[in-house]
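For the protein sequence lines, the chains are A and B, in the order given. The first sequence lines up with residues 4 to 64 when you count with the working numbering. The second sequence lines up with residues 266 to 422 when you count with the working numbering.
Please note that a few of the clues may not be correct.
In silico lysine-lysine, DSBU-like type, Cα no more than 35 Å apart, as pairs [what the hints assert, rightly or not]:
| # | chain 1 | residue 1 | chain 2 | residue 2 |
| --- | --- | --- | --- | --- |
| 1 | A | 33 | B | 341 |
| 2 | A | 42 | B | 400 |
| 3 | B | 389 | A | 33 |
| 4 | B | 389 | A | 42 |
| 5 | B | 400 | A | 29 |
| 6 | B | 341 | B | 400 |
| 7 | A | 21 | B | 389 |
None of these hints come from the bench; they were simulated from the model. Given the structure is predicted, the values throughout are model-derived calculations rather than measurements.
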Amino acid sequence: MTAPLDRDRQIDLMTNAKERIESRVKTWIKNPQIRASLKRTAGESEERYSLSTTVKARRCG
Amino acid sequence: MPFSCEVCENFSVEVLDRPGEFVATVPLGFDGDCRVSLLVALATEPGMPGDQYELVFSIIRLDGDDEEFFDGLATKPLIPDAEHRSHILAALVGATETLIDAASPRIVSMMTHTANLPDRALPKFHQLAALFRQKGYDAREADRFHGNRIWMMVRAV
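Sequences are here, hints too, so could you generate the full structure?
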């Protein structure tokens, strides 16, 4: 396999891994939807409604 | 108070997504009154091509001051029971498989959060790389850099 990321990019990712991963995880767990999902109990998913968005179509013509 | 484990053969994975991010959660149990859950995510990085994702995972202890754990050595005091840890590893692999199916990423990278991890802390990374191979990816570890490890997975088809 040809490496999908060149060596410089690999080193950059490894060098910054700790800070990047911690920052990403902190951002995710502050998100209200993700936080609610983390705090649910096992089996609760079946009881919950999922979120969808309705976009009102513009009238043409 | 000992960790109260909720995962056994069965576990509950919930996936939330928005463009460039797929986040899976698995409730693991309780440490006293605090909820402990697993977070696994496939996410693109700003400035990188949209088909290149990074796999990130962490165990989260949720209370007023959330605590994130990124490797098995750190979680051992929280979850000391070997059987519980084995179930949680299975949940990590299962949640990752759910994310692969949901995101169908072309390229995925995975890195150790902590440098110079001992061999006993690495089986989960090897198991995740093996999972990607089972799902049709060419998954390999590249050369280390100052004790940091990186795996790269490329979808074969």
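Verification of the hints:
no. : hint             : verdict
1   : 33/A with 341/B  : 25 Å, holds
2   : 42/A with 400/B  : 30 Å, holds
3   : 389/B with 33/A  : 26 Å, holds
4   : 389/B with 42/A  : 24 Å, holds
5   : 400/B with 29/A  : 29 Å, holds
6   : 341/B with 400/B : 30 Å, holds
7   : 21/A with 389/B  : 18 Å, holds
Comparing the model with each earlier hint shows no violations; every hint is respected.
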